[in-house]
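Chains as they are written, first to last, in this note's numbering: chain A, 1 to 395; chain B, 396 to 536.
In short, the hints are calculated from the structure, not lab data. Backbone N, C-alpha and C define an ideal beta-carbon position, used for all residues, glycine too. Possibly wrong hints are sitting among the right ones.
Calculated pairs, DSBU-like style, for lysine-lysine (alpha carbon to alpha carbon, straight line, at most 30 Å) [as the list claims (entries may be wrong)]:
(1) A:K200 with B:K473
(2) A:K264 with A:K241
(3) B:K473 with A:K171
(4) B:K447 with A:K264
(5) B:K473 with A:K264
(6) A:K4 with A:K241
(7) A:K58 with A:K264
(8) B:K447 with B:K461
(9) B:K447 with A:K373
(10) A:K200 with A:K373
(11) A:K373 with A:K241
(12) B:K461 with A:K264
(13) A:K241 with B:K473
(14) A:K177 with A:K58
(15) A:K177 with B:K473
Covered by chain B, per the in silico footprint, the following chain A stretches (three or more residues, Cβ under 8 Å) [to be verified]:
(16) 147 to 161
(17) 166 to 180
(18) 205 to 219
(19) 304 to 317
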Amino acid sequence: MTAKPESLVCISGAAQSEVGRPSRRTALQLTADACLAALSDAGLAPEDIDGIATYPGKSPLGGGIAPVSPSEVQAVLGIENPRWVLASGEGFSHMAPIFNAINAIACGMARHVIVFRSVAQASARMASRESTLMSGGQTTRVEGNNAWTVPFNALSPINTFALYAQAYFDKYGATSKQLGAIAVNNRANAAHNPNAIYRKPLSLDDYLAARVISSPLRLFDCDSHIDGSTAIVLSHADAAKDLARPPIRIEAVGMAISGLWVGKFEGDFTRLDADRAGEMLWSRTDLRPRDVDCAQIYDGFSIHVWLWLEALGLVPRGEACRFTEGGARIALDGELPLNTGGGQLSAGRFHGYGHIHEATVQLWGRGGGRQVKDARTCLVSNGGYGYGAMLLRRD
Amino acid sequence: MPRDLAAGPRQLPGLEPETAFYWTSGADGVLRIQCCEACGHWQHPPFPRCAKCASEDVAPRPVSGKGRIASYTVNHEKWLPGLEVPFVFAAVELAEQAELYVFTNILAPVESVTRGMAVEVRFERHEDVWLPMFVPESAAP
Numbered sequence: 001m002t003a004k005p006e007s008l009v010c011i012s013g014a015a016q017s018e019v020g021r022p023s024r025r026t027a028l029q030l031t032a033d034a035c036l037a038a039l040s041d042a043g044l045a046p047e048d049i050d051g052i053a054t055y056p057g058k059s060p061l062g063g064g065i066a067p068v069s070p071s072e073v074q075a076v077l078g079i080e081n082p083r084w085v086l087a088s089g090e091g092f093s094h095m096a097p098i099f100n101a102i103n104a105i106a107c108g109m110a111r112h113v114i115v116f117r118s119v120a121q122a123s124a125r126m127a128s129r130e131s132t133l134m135s136g137g138q139t140t141r142v143e144g145n146n147a148w149t150v151p152f153n154a155l156s157p158i159n160t161f162a163l164y165a166q167a168y169f170d171k172y173g174a175t176s177k178q179l180g181a182i183a184v185n186n187r188a189n190a191a192h193n194p195n196a197i198y199r200k201p202l203s204l205d206d207y208l209a210a211r212v213i214s215s216p217l218r219l220f221d222c223d224s225h226i227d228g229s230t231a232i233v234l235s236h237a238d239a240a241k242d243l244a245r246p247p248i249r250i251e252a253v254g255m256a257i258s259g260l261w262v263g264k265f266e267g268d269f270t271r272l273d274a275d276r277a278g279e280m281l282w283s284r285t286d287l288r289p290r291d292v293d294c295a296q297i298y299d300g301f302s303i304h305v306w307l308w309l310e311a312l313g314l315v316p317r318g319e320a321c322r323f324t325e326g327g328a329r330i331a332l333d334g335e336l337p338l339n340t341g342g343g344q345l346s347a348g349r350f351h352g353y354g355h356i357h358e359a360t361v362q363l364w365g366r367g368g369g370r371q372v373k374d375a376r377t378c379l380v381s382n383g384g385y386g387y388g389a390m391l392l393r394r395d
Numbered sequence: 396m397p398r399d400l401a402a403g404p405r406q407l408p409g410l411e412p413e414t415a416f417y418w419t420s421g422a423d424g425v426l427r428i429q430c431c432e433a434c435g436h437w438q439h440p441p442f443p444r445c446a447k448c449a450s451e452d453v454a455p456r457p458v459s460g461k462g463r464i465a466s467y468t469v470n471h472e473k474w475l476p477g478l479e480v481p482f483v484f485a486a487v488e489l490a491e492q493a494e495l496y497v498f499t500n501i502l503a504p505v506e507s508v509t510r511g512m513a514v515e516v517r518f519e520r521h522e523d524v525w526l527p528m529f530v531p532e533s534a535a536p
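Go ahead and model the full structure; you've got the sequences and the hints to work with.
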C-alpha cells in the first residue's frame, strides 16, 4: 500500500493572535501576528514558506466571516515564492486547506505550508448586528441555499441545529442538564486559557437560567463571535529534524461533505454526515477510539459535540447525552478530556482552528493549568455543515 | 384561525429558474415538488437531474400537501427589529416519500407543536411568492 499522505507530513508550529470582542487590531494585523508567531514556533522564517492556504479565502460576504486572502498574507509576510496556494470554502469544511496542504507536501508541491484562519465577526457586529445573520442583513431577496430557510425567519444556523437537538432529545430522552454539562465543562477549562474570551465560572444553574434562543438550545449552547486568527505550520516529516519543536504526527484524517449546505437533508435529524468522516479516519489507522487521550470537538453549538462524539465512535450511538452528563467523564481528569481550551463556546469562534490549536497545546505540553496529563494523542474535529477530523499524536 | 406567529419582517426568496415553481406553486392552492418522471423519486430542493437514477426528466408534480413534523424548534430570539417571537421553525416530512423534507413555519400556538404532528400546507402570499406554511391537519378548513 502507498504511504498515507498524512504520514509524510507533520505539524511543526502553531499560534493564535490575541482574541478580541472586538479587537483594536485589524484582521490582517491579527493574521500577521498569528502567522509570524507560528513560524517562530516552528523555527522557520517567511522565506522558508512555499505554500499558503486558508479557509475560506477572502469573500465579498459580509459579517467578518472571511476577511483575509492568501495574497494579503503573502504580501504582509514578505513570502517571496509561494509555489502552492489554496483558499477553500466549499462545504464549509474548515479543515479542507489542511487536508489539501497535506497532499501538496506529500507530493512535493511544497515543503512548508502556512495555514491560517481569521475572523473579524466581532468587529462586523459592532458595525451592524444583522451582518452575521444568514441573510447578511440584506433587504433584497434571498437567493441560493439560504432561500430554503431564511424566508421562514430561520436567520441563524442555530435554528437548523436546534432541529437536530430537539430530535436527539426526543429520540434518546436527553435533557438540557445533560447538554448543559458541555458548556459548563468548556467554561471550566477556559478559566485556564489566557486567550479565552469567557473565563468566569459558569454553573449548570447559570446555564439553565439563561434564556432560550431556539429551543431546546439556550444562550450558553452558542459560541461567540470574535476577532482573531490562528496559524498552523505544516511541514514535510523529513524536515522535522531541522525544526524547533518535536513534530506532531498526523496519524489519520477523515472528511465528508453533506447536503446541508445546499438545503438537502437526510436521516432523522439525530446524526450528521460527519459519521462518514469518522469512518474514514478510523479506516486509516490501527489506533482505536480507546487510544484517544483528549478530544477537541467542534462546538459551534453544544449539540454538535454530541453528534460528533457519536460520529467519531468515541461513544455509542445515542449515548453521548449520558456520557457528558455531570461532566466528570469529559473533565480534564476524566476518561476523555474534552475541549480543554474552552472550545468555541468559551474560547470564542476561531472557527475550527481553535480546536486544532488546542490539540497542539496539549501535545506539546503547553497547557499549564489545563494540561491533560501524559497526553500523547488528540482527536480534533471541525464543522457543522462540512466535516473534517484529524487524529494527532506525538512520538 | 391561527394567527401568523412569524409575522414581522420577512425576507422573501428570489424566483430563480430552478426554484420559482416551488415559491409560486400556491397560486392555485397546490404544493408542487420536483419528481423524476423516469423512476418516480421525489427530491427537494430541486436539482437538474434525479439523484437516484440521473435522469434529466425531472419536473414539478403536485403533492398532497400533507406531512408530519420531523423536527421543530421554537425560536425566541428577536434577530431583527420587529420580528415577532416566539415562532416555530420546522422540518416537515411530506407524505409522498420518507425523508422528503421541506422547511417551514408551523402556524399554531408554539406550545401545541410536537414531533410527529400531522400537518398540512397553508399558503401565505407575499407579493409574487406563496410561502408554503403548515398548520395542524385538524385545524385546516
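Hint check:
1. A:K200 with B:K473: This hinted pair holds, its Cα atoms lying about 26 Å apart.
2. A:K264 with A:K241: 47 Å, violated
3. B:K473 with A:K171: 29 Å, holds
4. B:K447 with A:K264: 14 Å, holds
5. B:K473 with A:K264: 26 Å, holds
6. A:K4 with A:K241: 20 Å, holds
7. A:K58 with A:K264: Satisfied, since the Cα-Cα distance of roughly 26 Å is no more than 30 Å.
8. B:K447 with B:K461: 23 Å, holds
9. B:K447 with A:K373: 50 Å, violated
10. A:K200 with A:K373: 24 Å, holds
11. A:K373 with A:K241: Since the Cα atoms of K373 (chain A) and K241 (chain A) sit roughly 26 Å apart, the hinted pair holds (cutoff 30 Å).
12. B:K461 with A:K264: Holds, at about 19 Å.
13. A:K241 with B:K473: 55 Å, violated
14. A:K177 with A:K58: 39 Å, violated
15. A:K177 with B:K473: 25 Å, holds
16. 147 to 161: With 12 residues close enough to chain B, the hint holds.
17. 166 to 180: holds (count 3)
18. 205 to 219: holds (count 7)
19. 304 to 317: Not satisfied, violated; 0 residues make the cut.
Checked against the numbered hints above, the structure breaks hints 2, 9, 13, 14 and 19 and satisfies the rest.
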